[in-house]
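Number of protein chains: 2
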Amino acid sequence: MKVGIMGGTGNIGEGLARRICIGGKYDVMIGSRDPAKAEIAAQGVVDALAERGVKGTTCTGGANADCCDSDLIILSLPFDKIESTIESIGKDKFENKTIISLINPMLRYPKDKYFLHDRPPEESAALAIQKLLPESAKLTTGFNNVAAGKWMLLDEELDYSVVVCGDDKESKNAVKDLVSTVSKLQPLDGGPLKTSGIVESITPLVITLAMNNGLKDVGVYFR
Amino acid sequence: MKVGIMGGTGNIGEGLARRICIGGKYDVMIGSRDPAKAEIAAQGVVDALAERGVKGTTCTGGANADCCDSDLIILSLPFDKIESTIESIGKDKFENKTIISLINPMLRYPKDKYFLHDRPPEESAALAIQKLLPESAKLTTGFNNVAAGKWMLLDEELDYSVVVCGDDKESKNAVKDLVSTVSKLQPLDGGPLKTSGIVESITPLVITLAMNNGLKDVGVYFR
Numbered sequence: 001m002k003v004g005i006m007g008g009t010g011n012i013g014e015g016l017a018r019r020i021c022i023g024g025k026y027d028v029m030i031g032s033r034d035p036a037k038a039e040i041a042a043q044g045v046v047d048a049l050a051e052r053g054v055k056g057t058t059c060t061g062g063a064n065a066d067c068c069d070s071d072l073i074i075l076s077l078p079f080d081k082i083e084s085t086i087e088s089i090g091k092d093k094f095e096n097k098t099i100i101s102l103i104n105p106m107l108r109y110p111k112d113k114y115f116l117h118d119r120p121p122e123e124s125a126a127l128a129i130q131k132l133l134p135e136s137a138k139l140t141t142g143f144n145n146v147a148a149g150k151w152m153l154l155d156e157e158l159d160y161s162v163v164v165c166g167d168d169k170e171s172k173n174a175v176k177d178l179v180s181t182v183s184k185l186q187p188l189d190g191g192p193l194k195t196s197g198i199v200e201s202i203t204p205l206v207i208t209l210a211m212n213n214g215l216k217d218v219g220v221y222f223r
Numbered sequence: 001m002k003v004g005i006m007g008g009t010g011n012i013g014e015g016l017a018r019r020i021c022i023g024g025k026y027d028v029m030i031g032s033r034d035p036a037k038a039e040i041a042a043q044g045v046v047d048a049l050a051e052r053g054v055k056g057t058t059c060t061g062g063a064n065a066d067c068c069d070s071d072l073i074i075l076s077l078p079f080d081k082i083e084s085t086i087e088s089i090g091k092d093k094f095e096n097k098t099i100i101s102l103i104n105p106m107l108r109y110p111k112d113k114y115f116l117h118d119r120p121p122e123e124s125a126a127l128a129i130q131k132l133l134p135e136s137a138k139l140t141t142g143f144n145n146v147a148a149g150k151w152m153l154l155d156e157e158l159d160y161s162v163v164v165c166g167d168d169k170e171s172k173n174a175v176k177d178l179v180s181t182v183s184k185l186q187p188l189d190g191g192p193l194k195t196s197g198i199v200e201s202i203t204p205l206v207i208t209l210a211m212n213n214g215l216k217d218v219g220v221y222f223r
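Just so you know, the protein sequences line up as chains A and B, in that order. Here the first sequence is numbered in this note's numbering, starting from 1 and rising by one per residue. Here the second sequence is numbered in this note's numbering, starting from 1 and rising by one per residue.
These are calculated hints, taken from the structure and not from any lab test. Predicted model, so just to flag it, every value in this text is computed and none were measured. Glycine included, C-beta positions come from ideal geometry on N, C-alpha and C. Fair warning: there could be bad hints in the mix.
[What the hints assert, rightly or not] Taking lysine to any residue pairs in the SDA-like style, the calculated list, with each CA pair at most 20 Å apart, reads:
#1 B:K91 / B:L107
#2 A:K111 / B:D168
#3 A:K2 / A:K55
#4 A:K111 / B:P110
#5 A:K169 / B:P110
#6 A:K113 / B:D167
#7 B:K91 / B:C68
[Said to hold, decoys possible] Going by beta-carbon spacing under 8 Å, a handful of chain A positions derived as facing chain B:
#8 K81
#9 T85
#10 K113
#11 T195
#12 I198
#13 I202
#14 L205
#15 L209
[To be verified] DEER-style ranges, computed between Cβ atoms:
#16 A:G214 / B:M152: 44 to 50 Å
#17 A:L153 / B:N213: 44 to 50 Å
#18 A:K169 / B:K91: 48 to 54 Å
#19 B:E95 / A:L153: 45 to 51 Å
#20 A:D118 / B:G149: 48 to 54 Å
#21 A:K37 / B:P121: 26 to 32 Å
#22 A:G90 / B:D118: 50 to 56 Å
#23 A:D118 / B:D34: 32 to 38 Å
#24 A:P110 / B:D71: 29 to 35 Å
#25 A:E157 / B:N213: 18 to 24 Å
#26 B:D159 / A:D167: 29 to 35 Å
#27 A:S180 / B:D34: 25 to 31 Å
#28 A:E39 / B:M211: 42 to 48 Å
Please put together the full structure from these sequences, using the hints given.
Below you can see the structure in the form of structure tokens.
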């Protein structure tokens with residue numbers, strides 16, 4: 001199985017690539033607008049695998065479009081880059097694909113130290129992205145609320161819940177399988193994509209909690 | 001210190017009364033539209049205290065208006081009963097009071113098994129309630145996301161996070177102090193009342209998670 005990460009050269013994308021490869025069950029394609037940058041990031045993942053003696057999986061770098069050959073595609077791009085990225089790749093390349101959005105649009109209020117969900121008219125980034133994709137594409141949420149600063153700290157466990165919302169049972173199960181190979185993440189079925197706005201809004205809340213309680217890298221666990 | 005619980009004869013209100021009294025630091029006034037019902041509920045709390053050998057705190061029952069003598073007032077009423085309750089008691093009785101809203105208005109979609117936040121135009125029940133109260137009243141959120149079914153199960157620990165949002169530092173600290181006397185609840189400063197919409201929306205999500213994952217009484221822990 002292969003996972004493509006569009007925008008895989010950012011901190012979250014690269015951390016995800018490492019964590020997924022280290023899980024030992026998925027190869028990863030790191031995609032970027034700048035394929036040379038993606039190749040450097042991929043080499044970093046390969047080095048991390050060698051350092052840890054992980055065998056059986058590998059990581060390569062390329063253009064964002066190259067991610068469309070993968071079984072699962074993760075969108076790790078800023079929300080305002082999604083439309084142009086899908087357009088430049090071609091909407092048809094996403095036909096029948098299982099796609100994961102970890103995007104949480106946020107508004108920052110530095111004076112009063114809080115963040116809010118920057119809610120699109122569709123109620124969530126995921127529901128807005130769904131409108132840009134072909135009808136056959138199966139979009140889910142995933143990895144939204146994992147504390148961003150922890151992705152690259154490979155020696156730290158990620159002991160959090162990951163809520164997977166989506167309208168297609170099979171693709172949700174595929175995403176839950178992926179999630180459960182990453183550190184100690186606990187995948188949970190969050191119902192249809194219509195609930196994704198709540199999931200996205202938890203990220204601005206955990207950042208607000210970190211700021212106001214002297215905490216670092218706050219995540220969420222449902223139990 | 002005394003805590004008044006308006007709507008304290010419901011499952012959550014009565015469970016809260018027991019848990020707070022058992023904590024041993026606060027007396028509780030259970031308020032109800034029907035004072036006789038509140039007295040019966042209060043007797044139940046007194047019995048539970050005796051059964052557990054807890055001394056030093058007590059519980060009494062009365063009308064909702066009687067809760068206004070308390071140091072902290074918890075609103076444990078349905079959202080659509082708040083306006084008429086405040087009106088019938090008299091807005092001035094809430095002057096300078098610290099008031100806690102645990103209200104989470106929800107919409108239920110039984111066919112697709114999910115719940116959403118029934119978001120008022122003000123973005124949250126708390127922000128809508130704030131407009132009904134005098135300017136000197138200090139409103140916070142508290143106890144919103146505790147699994148409702150667990151309040152009355154006194155032998156079960158409540159090992160969850162409680163996000164306290166509000167615009168007055170001192171009253172937020174008073175609410176955090178109260179929260180930390182209840183079972184193993186962990187109070188967290190959630191920033192200003194403007195973030196309360198996110199906190200309220202977590203409750204429909206935890207119910208959705210319970211339904212879709214074969215779980216019971218799901219709550220949230222931030223870490």
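Against the structure, the hints come out as follows:
1. Restraint check for K91 of chain B and L107 of chain B: the C-alpha separation of about 29 Å exceeds 20 Å, so the hint is violated.
2. Restraint check for K111 of chain A and D168 of chain B: the C-alpha separation of about 15 Å stays at or below 20 Å, so the hint holds.
3. Distance restraint check for K2 of chain A and K55 of chain A: the Cα-Cα separation of roughly 15 Å lies within the 20 Å cut-off, and the hinted pair is therefore satisfied.
4. Only pairs whose Cα atoms come within 20 Å are accepted, and K111 of chain A paired with P110 of chain B is rejected, the gap being roughly 41 Å.
5. A distance of roughly 17 Å separates the Cα atoms of K169 of chain A and P110 of chain B; the hinted pair therefore holds under the 20 Å criterion.
6. With a C-alpha separation of about 12 Å, the suggested pair K113 of chain A and D167 of chain B falls inside the 20 Å cut-off, and the hint holds.
7. Distance hint between K91 of chain B and C68 of chain B is fulfilled; the C-alpha atoms sit about 11 Å from each other, no more than 20 Å.
8. Against a cut-off of 8 Å between C-beta atoms, the interface hint on K81 of chain A is violated, since the closest Cβ of chain B lies about 25 Å away.
9. Violation of the interface hint for T85 of chain A is found here, the shortest Cβ-Cβ separation to chain B being roughly 28 Å, above the 8 Å cut-off.
10. Proximity of K113 of chain A to chain B holds as hinted, the smallest CB-CB distance being about 6 Å (cut-off 8 Å).
11. With a least beta-carbon distance of about 5 Å to chain B, the hint placing T195 of chain A at the interface is held under the 8 Å criterion.
12. Nearest Cβ of chain B to the Cβ of I198 of chain A: about 5 Å, under the 8 Å cut. The hint holds.
13. Given the 8 Å rule on beta carbons, the hint for I202 of chain A holds: about 7 Å separates it from the nearest Cβ of chain B.
14. For L205 of chain A, the interface hint holds, since its Cβ comes within 8 Å of a Cβ in chain B; the closest pair sits about 5 Å apart.
15. With a cut of 8 Å, the hint placing L209 of chain A at the interface with chain B holds, because the nearest CB-to-CB distance is about 5 Å.
16. Our hint of 44 to 50 Å for G214 of chain A and M152 of chain B is violated, since their Cβ atoms are close to 34 Å apart.
17. L153 of chain A and N213 of chain B have their C-beta atoms about 28 Å apart, which leaves the hinted 44 to 50 Å range violated.
18. The hint said 48 to 54 Å for the Cβ distance between K169 of chain A and K91 of chain B, and at roughly 51 Å that hint holds.
19. Hint check: E95 of chain B to L153 of chain A, Cβ distance near 50 Å, so the stated range 45 to 51 Å holds.
20. For the pair D118 of chain A and G149 of chain B, the supplied restraint of 48 to 54 Å is violated, since their beta-carbon distance comes to about 34 Å.
21. Our hint of 26 to 32 Å for K37 of chain A and P121 of chain B is violated, since their Cβ atoms are close to 45 Å apart.
22. Distance hint for G90 of chain A and D118 of chain B: a CB-CB separation of about 40 Å, inconsistent with the stated range 50 to 56 Å.
23. At roughly 45 Å, the beta-carbon separation of D118 of chain A and D34 of chain B lies outside the given 32 to 38 Å, and the hint is violated.
24. Between P110 of chain A and D71 of chain B the Cβ separation comes to about 33 Å, which falls inside the hinted range of 29 to 35 Å.
25. For the hinted restraint 18 to 24 Å between E157 of chain A and N213 of chain B, the CB-CB distance of approximately 22 Å keeps it satisfied.
26. As the Cβ distance of D159 of chain B to D167 of chain A is approximately 33 Å, the hint placing it in 29 to 35 Å holds.
27. At about 50 Å, the beta-carbon gap between S180 of chain A and D34 of chain B misses the expected band of 25 to 31 Å.
28. Under the hint 42 to 48 Å, the C-beta atoms of E39 of chain A and M211 of chain B, about 45 Å apart, fit the expected range.
Going down the numbered hints, you'll see the structure goes against 1, 4, 8, 9, 16, 17, 20, 21, 22, 23, 27, while the others check out.
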